[in-house]
Amino acid sequence: MIECRNLTKSFGDTQAVKGVNTVIRDNEVFGLVGTNGAGKSTVLRMIAGVLKPDDGLALVDGMPSYDNVHAKVRLFFISDEPYFFNNATPKDMERYYSSVYREFDRERYYLYLSRFGLTGRRRISTFSKGMKKQLSIIAGLCAKTKYLLCDETFDGLDPVMRQGVKSIFAREMEEREFTPVIASHNLRELEDICDHVGLLHEGGVLLSRDLEELKCNIQKVQCVLADQTKEEELLRRLELVKTERRGSLLTLTVRGSREEIIDFFAAEDTLFCEVLPLSLEEIFISETEVYGYDIRKLIFG
Amino acid sequence: MTSGNSYSAKWAENIRRRGWTFALCFTACFLTMPVACLIRLTNAQNRIDRLAVRYQGTELTRRLLEDRVQMQQDYMNLLGFNEVHILLAGLAAILLAVQGFSWMYSRRKTDLYLSVPVSAPKRYLLICGNSVLIFGFSYLFNLLLCLPIGAAYGVCSGRACAWFLGSFLLLLLGFVCIYQMALAAVMLTGNVLTAVTGCAVLFVYEPVLRLLWNGCVETFFVSVYQRYGSVLEKTPLLTPFAALFRLWSDMTAGSAMSYGNDPVGENTMSLFLAGGAKQMLLLVLTALVFGLAAWRMYRTRRTERYGETVVFTPSRYVLEILLLVPAALLMALFVVSVADTKGPVMFICTVLTVLLGHGVLQIIFERELGAALRQRPLALSGLVLSLFLLCAFRFDWTGYDDYVPKAEEVAGVAVWGRGIQSAWFRPPFEDGRRYVDDVEKLNGMQSENADTVAAVLSLAQAWQDAGRPDSEGWLQAGIGDFPTQRAQEWEGSLDWSVRYDLKNGRSIYRSFKVQPGLESETLNRVLRDETVRSHVWQIYDEAFREALPEMEITCRNSTESLLCTVEKQTLYETYLEEFAAYDYDLVNAELPVGMLVFSFPDDGDPYWAPEWEYPVYPSFTKTVALLEDNGIPLRWDEFFLDPDQVQGILVSAYVDTDRYNGGGDTVREEVTLSVREPAQIRELLKGMYPADLLDIEAGGDALRGPSRREESDLYFTLILKSAQEAPAVFLRSGMAPEFLKEWLAQAQESRKTALE
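Line order of the protein sequences matches chains Z and L.
The first sequence begins at 989 in this note's numbering and counts up one residue at a time.
The second sequence begins at 3 in this note's numbering and counts up one residue at a time.
Be aware that a few hints might be false.
[Claimed, not checked] Output of the computed footprint for chain Z on chain L, the stretches with three or more beta carbons under 8 Å from beta carbons of chain Z:
id	segment
1	106-118
2	304-318
[What the hints assert, rightly or not] In silico DSS-like pairs for lysine-lysine, Cα to Cα no more than 25 Å straight-line:
id	chain 1	residue 1	chain 2	residue 2
3	Z	Lys-1154	Z	Lys-1132
4	Z	Lys-1154	Z	Lys-1120
5	Z	Lys-1120	L	Lys-124
6	Z	Lys-1230	Z	Lys-1218
7	Z	Lys-1079	L	Lys-408
8	L	Lys-111	Z	Lys-1079
9	L	Lys-570	L	Lys-688
10	Z	Lys-1040	Z	Lys-1134
11	Z	Lys-1134	Z	Lys-1154
12	L	Lys-12	Z	Lys-1134
13	L	Lys-12	Z	Lys-1120
14	L	Lys-111	Z	Lys-1117
15	L	Lys-408	Z	Lys-1040
16	Z	Lys-1120	Z	Lys-1079
17	L	Lys-505	L	Lys-236
18	Z	Lys-1132	L	Lys-12
19	Z	Lys-1079	Z	Lys-1134
20	L	Lys-754	L	Lys-688
21	L	Lys-124	Z	Lys-1134
22	Z	Lys-1203	Z	Lys-1154
23	L	Lys-111	Z	Lys-1132
24	L	Lys-408	L	Lys-280
25	Z	Lys-1134	L	Lys-111
26	L	Lys-280	Z	Lys-1040
27	Z	Lys-1120	Z	Lys-1134
28	Z	Lys-1079	Z	Lys-1117
29	Z	Lys-1040	Z	Lys-1079
30	Z	Lys-1132	L	Lys-124
No wet-lab data here; the hints were simulated from the structure.
Heads up, the beta-carbon is just placed ideally off N, CA and C, and yes, glycines get one too.
Model the full structure from these sequences, guided by the hints.
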């Protein structure tokens, strides 16, 4: 488990991260979302032990990660701009990682390289941005660490590749203890990968929830009531997050499981009723609006 | 298949990634060692091969032997401790320090290196260890390559190998010291450019500071010891680059003066053991301090400070002060040297330097133009400190010039100067072949005689009481119009240097002027001191006495130099007995009639054949008699040279014209007179004295009495009737004939008229 306790970091006069408290449970894919400058990379770099927190602690399995080899053995950090040695080939990088990660799986490394269509002897400097990201992910996976910290790693990967990585993540999680932490400013990118999402804004965590819980507990309902006079009474019985009306068509965002909501509206006198799934983006818009934030401004600027 | 996480794997990886630095070091060593060695030895061999064509017999054998020895020395010089290798080691150390830790200057690299499970101490040790290994291996491997080359040319010996090994270890130590200092610069800065600049500043800082200190002391103080710079030079250096170069220079000087220019001669080794070992120990201690500082900075440095000029904010303030103050003082010295002023202009330039320097440093630190006007309290601090130090020197707030220790504080003194130093001085006997500068002259001496100490203090105090009569001193004392009588009294005073050895263990060097006319008795008390005598005149040395049988004694009289065949020991004992009377009164009253010259007849080096010369005064009657019995005439009545032998005398004089050139100096013009009349020749010759018997330039000129020259601007050339070389002469004080005085006055007058 990775735990951030009151994690704080400033760069000069700029406070990049302030009092972040969050827990990343084992064997989950944790997504860290936020706008540019929200502090995602700083949080990840503190967890990775690259930066020393000004205050608070970044604990990896109960151990502070900064300047602690025992904690670092358990994690692999892929930065937003991964560094490869000058004129290095994937083979050279394998040599380096092999020398620092005891469990580095060379066989699998070369297997993944060939599966991803990367050549072991080609210079990395000639790789495209996406290929470099793939190489980082491969190295991260083969290091066999418990935690894989990915900073904007999925940016630049095409959907097919993303799908491929997703399936590898899933397999790794089945085979061993594996917890990827993915930081991104793109909610859509994380939607189909993450189990748990934390929203970072202005250096602090605004929200941290299980995706399933989020998705299961909030529904979008479009309905037309037969008796408009009963609308007010009906809405009062629901745990409403948001209401929109277009003519007689009501669009409601409601808390509760899909079954509960379907049952609820089945018992009511409706001319039309449909329970629709919410995208992660919509869920976040709804959830953060509750806290008084306009998520569109937070995420999409 | 998983990998092992071994130290050797990490080490190999680190080496692999630093491959280019290794290649660079190796290539540099390869070029400066095997390649240079091969070229040098091939050339030497070709030279030797050509000898057989040009010479024959014993001459050929002699030259072959000489060239073979030279070849061996070239080989040893090339591969031993030398300036090229010091430069190589220094540059390699800086390169490896900057390159090894340059990852700290990049976010991408820190993200990789600091996230992988390698402990910070292990990484530090790995990088440092590999740096030493890269240099050490490159050097040693190429050195080993040179051994078979040397063996092929027959110049490689066990002694050479031992010297190479010693040099290698010394150089490796030097490399580590330089590396540690460079590391401190690397850890303090946030990018490669400032790291390299930081290294440069660190390595020149101490030498510049010494130069500055020396410059300030010599510029602003009048009682500063004339060879103060040399005293400062003798103190060990803390900066490895400069210290290694000095060590090399000392060793080279030692070996050059030693027999046969042998780089591992006893002289070199003893020099190293005497000064080098102490210097290296100090270097190691400095390296340790810098190493610890570098380590501390490495551990406390914030990762996110990459790219910044200086990563520790408080150190910026310290750095700025450390750079600004010397810069300001350097500017002050520059103004003094260029504009010859110590007044407001100097202070204004100092203030401007501080303000400008502050602006530039702030721009460098903050990388923003607007920063030049920030941190004003810091600029003010630098300004106050700079002005305080400048005033301390300028107005002698420390009382440096007034200092004369109390007699009870002084354990002993060493003195040297004109009046003591004489033409017949030679370096201490046992070091006869080595040049001995003023510092060593003082260092080898210490008189604890209370009377001598009191006499020296009294002489120094007399100079102080007279207002430090020196043009600079008078100005400082506000005595612009120094009373004429006093000025005349101090005219021709002697420059003396003194070292006070205080009871608290400190040694203080000072200079002052001695006026023999006013202080003759005090001066004699110093000259009669046995310690002073035995240090100045090696004739008292036991080693001198023991070497006497091997020596050749010649005697120079007014016209020729003759070999003494008299029994050496008798002559020596007789002379020694009479030389005891040598003091200022004797110098004042008499002129030498001869000069005894002690030398080694079979000295190999004609350019460095030491001679010990001692004057024979007319009052040394026993010595004079002994020498005259030996057929060496030493007495003359009226003329030191028979006037009949002289065809003419050319007199040159420099006449002041009261006209000033652009530089403010009086324009002096040369006028000549040819004396051909026998009567005038006789008259002139009567007052003349052979300069060879009293080295005017070396100090005799300063002595009063009969030795004093009449006019320092009068020069005489004798034209002899025979082909014999004419002796150099000078005119004694008060012995100028009337016709000469008239001619001089006339020349002066006509020059004036011509100008009007």
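Do the hints match the structure? See the list:
With 10 residues carrying a beta carbon less than 8 Å from a beta carbon of chain Z, the segment 106-118 of chain L meets the three-residue requirement, and the given coverage holds. Counting residues of the segment 304-318 of chain L whose CB lies closer than 8 Å to any CB of chain Z gives 3, so the stated coverage by that chain holds, three being the minimum. Taken as a hint, the Z/Lys-1154 and Z/Lys-1132 pair is honoured in the structure, with Cα atoms around 16 Å apart against an allowance of 25 Å. Using a Cα cut-off of 25 Å, the hinted pair Z/Lys-1154 and Z/Lys-1120 holds, with the two alpha carbons roughly 17 Å apart.
Using a Cα cut-off of 25 Å, the hinted pair Z/Lys-1120 and L/Lys-124 is violated, with the two alpha carbons roughly 29 Å apart. A distance of roughly 18 Å separates the Cα atoms of Z/Lys-1230 and Z/Lys-1218; the hinted pair therefore holds under the 25 Å criterion. Between Z/Lys-1079 and L/Lys-408, the direct Cα distance comes to roughly 79 Å. Violation of the 25 Å bound is thereby established for this hinted pair. Pair hint L/Lys-111 plus Z/Lys-1079 holds up; C-alpha atoms about 19 Å apart against a cutoff of 25 Å.
Restraint check for L/Lys-570 and L/Lys-688: the C-alpha separation of about 34 Å exceeds 25 Å, so the hint is violated. Taking the CA atoms of Z/Lys-1040 and Z/Lys-1134, the gap is about 21 Å. The hint holds against a cut of 25 Å. Under the criterion of a C-alpha separation no larger than 25 Å, the hint pairing Z/Lys-1134 with Z/Lys-1154 is consistent with the structure, at around 16 Å. Restraint check: the Cα-Cα separation between L/Lys-12 and Z/Lys-1134 comes to about 22 Å, which is no more than 25 Å; the hinted pair holds.
Annotation: proposed proximity of L/Lys-12 to Z/Lys-1120 holds, straight-line Cα distance about 23 Å (limit 25 Å). For the hint linking L/Lys-111 to Z/Lys-1117, the alpha-carbon distance of about 17 Å falls within 25 Å, and the restraint holds. For a cut-off of 25 Å, the pair hint linking L/Lys-408 to Z/Lys-1040 is broken: about 61 Å separates their Cα positions. Between Z/Lys-1120 and Z/Lys-1079 the CA atoms are separated by roughly 13 Å; this keeps the pair inside 25 Å, and the hint holds.
Proposed proximity of L/Lys-505 and L/Lys-236 is supported: the alpha carbons are some 22 Å apart, at most 25 Å. About 18 Å separates the Cα atoms of Z/Lys-1132 and L/Lys-12, which keeps this hinted pair within 25 Å; it holds. For a cut-off of 25 Å, the pair hint linking Z/Lys-1079 to Z/Lys-1134 stands: about 23 Å separates their Cα positions. The suggested pairing of L/Lys-754 with L/Lys-688 is violated, with an alpha-carbon distance near 31 Å, which exceeds 25 Å.
Our distance criterion of 25 Å between C-alpha atoms is met by L/Lys-124 and Z/Lys-1134, whose separation comes to about 23 Å. Taken as a hint, the Z/Lys-1203 and Z/Lys-1154 pair is honoured in the structure, with Cα atoms around 19 Å apart against an allowance of 25 Å. Under the criterion of a C-alpha separation no larger than 25 Å, the hint pairing L/Lys-111 with Z/Lys-1132 is consistent with the structure, at around 21 Å. Our distance criterion of 25 Å between C-alpha atoms is broken by L/Lys-408 and L/Lys-280, whose separation comes to about 32 Å.
A distance of roughly 22 Å separates the Cα atoms of Z/Lys-1134 and L/Lys-111; the hinted pair therefore holds under the 25 Å criterion. Among the hinted pairs, L/Lys-280 with Z/Lys-1040 is inconsistent with the structure: their alpha-carbon atoms are about 43 Å apart, more than 25 Å. With a C-alpha separation of about 22 Å, the suggested pair Z/Lys-1120 and Z/Lys-1134 falls inside the 25 Å cut-off, and the hint holds. For the suggested pair Z/Lys-1079 and Z/Lys-1117, the alpha carbons sit about 18 Å apart, so the restraint of at most 25 Å is met.
As the CA atoms of Z/Lys-1040 and Z/Lys-1079 are separated by approximately 32 Å, the hinted pair breaks the 25 Å bound. Pair hint Z/Lys-1132 plus L/Lys-124 holds up; C-alpha atoms about 22 Å apart against a cutoff of 25 Å.
Against the hints set out earlier in the document, violations occur for numbers 5, 7, 9, 15, 20, 24, 26 and 29.
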